[in-house]
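A.B. asks: The residues making up each chain are set out below.
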Amino acid sequence: MDVEKDKLRQMHCEFNPLSRCDGSVMYSQGATGLIGAVLGPIEVKTQNLSIDGSYLECNYRPKAGLPQVKDRIREAAIRDVLELALLAEAHPRSKMSVQIQELEDRGSIDACALNCACLAMLIGGLPMKYSFAAVHCIINEQGEYVLDPDQSETLHQRASFTFVLDSVEGNLLLVQTKGAFKIAQFNDIECLCRAASAEIFQFYRSQVAKYHGRSEATAEKAVMET
Amino acid sequence: MFMNSNLFEPGKSKPERNFVQLAVKQNQRFDGRRSNECRDVELTFGSDWGTVAVSMGDTKVLTRVTCDMGTPATSRPNEGKFQLNVNLAGVAFLDELQTTHDQRSLTLNSLLERTFRSSRSVDLESLCVAAEHHVWCIRVDVNVLNHDGNLYDASTIATLAALMHFRRPDVTFADDKLRIYTEKERDFIPLLFLHYPVSVTYCIYKSSWQPIVDPTLLEENAADSVIVLSFNSYQELCSLNAGGTAPTNVRTIMQCARNAATRCKSLVDFIRKALSLDEERRLQGDRLVDGLVALIGNTQHKLSFNKLMGYKKQEQQPTPSDKMELENESSEEPEVEEIEAKEEPSKEETGEAPMDSSGWLPQDEDSQELPIPSEASTSNAGKGKPNRSKNKANKKPLPKKQNHSDSEEEARQFI
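Protein chains in written order, with this note's numbering: chain A, 1 to 226; chain B, 1001 to 1415.
Honestly, the hints are just simulated from the structure, not real lab data.
Pair ranges (Cβ atoms, derived):
# : chain 1 : residue 1 : chain 2 : residue 2 : range
1 : B       : Val1250   : A       : Val69     : 53 to 59 Å
2 : B       : Ile1189   : A       : Thr177    : 37 to 43 Å
3 : B       : Gly1070   : A       : Asp80     : 33 to 39 Å
4 : B       : Gln1021   : A       : Asn16     : 27 to 33 Å
5 : B       : Gly1032   : A       : Ala90     : 37 to 43 Å
In this text, a Cβ means the ideal position worked out from N, Cα and C, and glycines have one as well.
All chains should be built: construct the whole structure from the sequences, respecting the hints.
C.D. replies: Below, the structure written as structure tokens:
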């Protein structure tokens, strides 16, 4: 169960588990799981209509009850990143709707939600400039770096970081930090996250390829999986 | 300009309606099921207490039960609070078109309210810590993930399973001090139930007298009327929701009710079994419970109705198929009734509790009292009304739970 401190937890995903939207994904990293779904481009209300780009609607829903402040912050982070990545000019006068439903929160939910949103966009076929990967990392009490921590590991932390990187140029799209740290530590962790993001992009690529390849004459693979 | 996919729900257009009507007339269903065959129900329990995901075919519902301390309502100072919330927005994308959304969430909410709150299935008095001061507030959140028909059943099953799965912390109240224990200090306590209700949905079409159970979205939207019956595990009616324009007679509703009662009983048995399996799993490995992540890919944590109740399915299999053939060849209703009447008592004998509660169903009573079933079934249509009042008279002296008469009277008003 325990993963090394410099490794991401095991990633799993299932594409299009839901039938009524354009694209959906069930994504999990370790024991943290979410469902992401996209719908678009669809009709937009006149108050949100924009003539030079599509309107992006992004909602994050907690497992129970109404969204709290922390859910709103998470939602805002997802929206910020998606607005950067979405190729809005492709569909003016329309709406893109992205919904993320939390299933299980066992640490690093921010990063998982972002990765889930990216996969949902990819599988829903919404136009994007680039895909992105989010990595969460903390400094624990001993001053060690823990990549993609579990919930038990996050209880005692000095600082936490979430980096979002794009796939084309590797630019930083979002940085969230909490706690006290040195600049040197920040740089170390950025390098660590950058390396881990490559693994996530590889995961995207292999999963999407597997999903689309299944319909072709790769029946053997499909049988092996089942 | 853009097609709002929700404007084009299956079953809303005229050709689709005609297709479904025609198919029902020929006793066919789009997904190959029989008219009395339900989709498989799958339960997945989350790692937290009171989190359950239910899927019936493509219909998926996620329910979470939470609790916290609060003050009781002034009208009921010694009862806990019980709140039901239905959330249709989110990944299901059902709120894109406001009008249908409103109606849907209203009907769903009222169904859940009547099934669980009005029928007093949860013992709210046990949730009282100090009268007028401290009670537990139980909140049920029903998140619809995907809608492919029969949200009613999926959400009642999910709600019941979540409530049964839920554990609240232990609490003591002494010297005006409230102390809530953590799970390490004292074990969590499950909720107390007076009875366990679930619902079964039927669709009725003008083209056919035969109602179909567990409709898909296509069938539900094309239906002339939808009947939702809630029964508890004692086979007592908890709520009945009937609407629409299809002409229905007492016989059809009674036929639905009788089948629904058995179905509900087996559903509750299934939930109980699934819960005991989940508990075993929890006892085995403290860290092994990966909760809802199990929804992805591997199927070992999904508890499916057909698998758990497999033996029952096989037992029942021959009878419906016989019945279908009978209907196809000659729609002789008395014979069909006969089979069902015979089927009933044998099933009820297997149940551990005495099933006197199904006595309000006229056909049953007849078949049990009279030795010749054919006579009973031919005459029952006319007998319907007087029989029921007679049953009521019979019912009263029976030593039953007090809530029983409540639910029965409530049901009568609806009929």
